[in-house]
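Residue 1 is where the sequence shown starts when you use this note's numbering, and the numbers rise one by one after that.
No lab work stands behind these hints, which were simulated from the structure alone.
Just to be clear, a hint being listed does not mean it is correct.
[As the list claims (entries may be wrong)] Pairs of lysine-lysine, DSS-like flavour, derived with a Cα cap of 27 Å:
| no. | residue 1 | residue 2 |
| --- | --- | --- |
| 1 | 34 | 134 |
| 2 | 115 | 101 |
| 3 | 78 | 283 |
| 4 | 172 | 527 |
| 5 | 59 | 78 |
| 6 | 54 | 34 |
| 7 | 134 | 101 |
[Stated by the list, open to error] Simulated restraints, written as ranges between beta carbons of each label pair:
| no. | residue 1 | residue 2 | range |
| --- | --- | --- | --- |
| 8 | 104 | 420 | 38 to 44 Å |
| 9 | 318 | 420 | 19 to 25 Å |
| 10 | 145 | 267 | 56 to 62 Å |
| 11 | 47 | 26 | 34 to 40 Å |
Ideal placement from N, C-alpha and C gives every residue a C-beta, glycine not left out.
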Amino acid sequence: MSQSFLLEPDIIAATENVMPDLNNDLVLAKNFLKQQSAATGDNLYDHLVDLVHKILTHKPPDVVDNFEQYSWEVKQEKLRPNFDLLNDVYLSPPQLAIARKMDEMFKLVASKSQKMQEQGEEEQELDLEEESDKPRITDLIDHNYYFRQAGYGLPDSECYALYIALNMLAIKEPVATVRFFGKIFGTKANYYVAETDLTIEELDRRIREFDMKDMPGEGEGLDEERVQEQGEEHKDILGEGEEEAQAQKPKEPVPPKLPPIPLSTWQPKPTIPVERPGQGVNKKVYWVCNLPGDPWTCLPDATPEQIRVARLSLRAMTGDLDAEVQTFPLFEGTERHYLRAQIARIAAATSISPQGFYTFGSGEEEEDIDLEEAGDMNFNQNPFYQGHTIKDLVDPELAYWVHHGRHILKQGRTIWWNPRPEMQASCLLAVLFNCASRASVKIANREEGEEEEDENPPSIEAETGPSLFAPLSADVSTSGPTWTTRVGSVLGGRALAVIRSNLWPGAVAYATDGKRSECMYVGWGLKNEPPNFSPLQLPRPQEEYSVGPEVMEMADPTFADEEVYRIAHLPPAPPAEIPGEGGEEFSEEEEDED
C-alpha cells in the first residue's frame, strides 16, 4: 500500500507532461462510434453518415426542428429491399406555410401596436392632429358577431385572422379607410376582398397618371384631317376612272358590267371613356388576397367595356388573378379585370343601409340636395342617426332600406357620357365611304341640303337610373321579390333585422334598432339567373353585295328546258319548190344525154 501511494504522484506528473495527439483521439472516437449494436448490428457512425447525406440531398427547411424525424426515416430505409428505388422526400405540410405567413403578419401588427403604446402621454397629445390621418379600419369582429347571430358571417378564427390582415393592409398601403367587402369563392382558391379609400396624396398621384394616359400623343389629333384626306383621294380616284371610261368609247359590244367592289361602311362605336380614379365605379379601390397573411393585390380600375361584357357572360372565378377569361363577347383582360367588374356590379346592387344611416352633410341641418343631381358626391355616416324599429326594418315594403351604392348605367358608367361628338366623326367617315361607293355605280345628283341632313347623327337620349339613396321598394325584378327580410332573434332584447338579396345570392345586410348596420357579400360572384343563362347570339353576317341579278344564283335548266330552248332556236326551213319547173329541167338533161 505504501508503494502504491508513492507511485501515484509520479504517474500524475508523467501524464501532465504528455502532449495530446489529435489523430489518436480521432481514431479512438471513430472506433467508439463504430461499436455495433447487439440488437440490430448497426453502428452510430454509419447512421450519422447516412443521415447527413439525406439532409444534404433533400435540403429540407428547418433541419433542427425535424432532426428526429429524419433519423427515424433513415432507419426505416434500411428495412426496405434493395430493388426499391423510390425514396421519400420530406415535404412540409401546407398548414406550416400558412402558419408562417400568419406569424409574420401577427409580428408586423404587434410591432406597430407596440410602438404606439411606447409613445408617452406627451407625444400622444402632440400627435392628436396626426391621428386623424391614420387609416380607419372597420371593426370586422364586432360586425361578424351580428352576422353570426343572423346565421351568416365567417368562423371566429378566420374572422380574427382576416381582421389582422386588414390591419396589415392599412400599415403597408396608402389607404385612408379599410373595410371588409366580402369573400368570393373560386374553383382553386378563394378571394378575400377589402374595400378602401386612398389617401389624398395617393389619389392625386393616380389622377395625374390617368390624365397623362388620356393626353393625345404626337399625330393623334389629326384623325379627322386624315379621314377627310382619304375620302377626297378616294373621290379623285373614282372621278378619274369615270372620265377615262367616257373618253374611251368602245367600238365592240360592252360585256355586262360587274358590280363594284364593296367598300366597308362599318365603323366601330365610339369608345366610352373610363371614369377617373375616385369617381363613379372607381370611387373605391379594392384589394384581394387568397389567404389571410398573403400580400394584398390592388385590382385595376373597371372600364365600361369590361362591365358591359361581364353583364353578358357567366363565369366562375378560379382564384388565379392571371387566368385567361374566355367568353363571348370577347373580354379584354384577365381574371383580375373580370373580378373587378363583378365587384363593381355587386357593390352597386347590394350596398344598402337603413334610411338616414348615411347623409351628405354633417347631419345637423337638413340641406336641400337634389338626389338625382347629387351625382358623385361624397356621403358620410350620420352621427345623429337614431335607428328604426325592427318592425319597420322587416316590413316587406322595404321603405326603410335605401341604396347607398351608385347605380351603373348601360354604358358601364355611373355618370352618363354623351357620345355625340365622337358619333359625328364616325358618321362623317361613313358618309364619305357611302358617297364614294355610290359614285362608282352611278353619278350622284343630290342637293347640298340633303347631304347635310344625312351627315347629322340622330339625337341621343341621356340614360338615367335610380338616384342615390333610392328606396329598395323601387327595385323591379321579373323573377319575384329582389330582397327577403326576417328577424334574427327577439329573445333577450337582442332583436336583429336581416335582409338578403335574391338577385345576388350571398349579399346580406343587418341592422339593429340602434346605430349598427353593415352589409357583406360571401358567394360565388354570380348573379341569379332563374330561367337559365342564355349566351349572346353571334351577329348576323353582313351583306357583301346587294341582292340583284348579277350576283343571284340561278337553277340549272332541266332536259325539257334545254329541248324547248333548242326547238325555239332551230334555223328557219328552206322555201318550198314549184313542181313544174323541176320536171322541165329534168327532161332537157335527158335529151342532151341522148
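Hints violated by the structure (numbers, ascending): 1, 3, 4, 8, 9, 11
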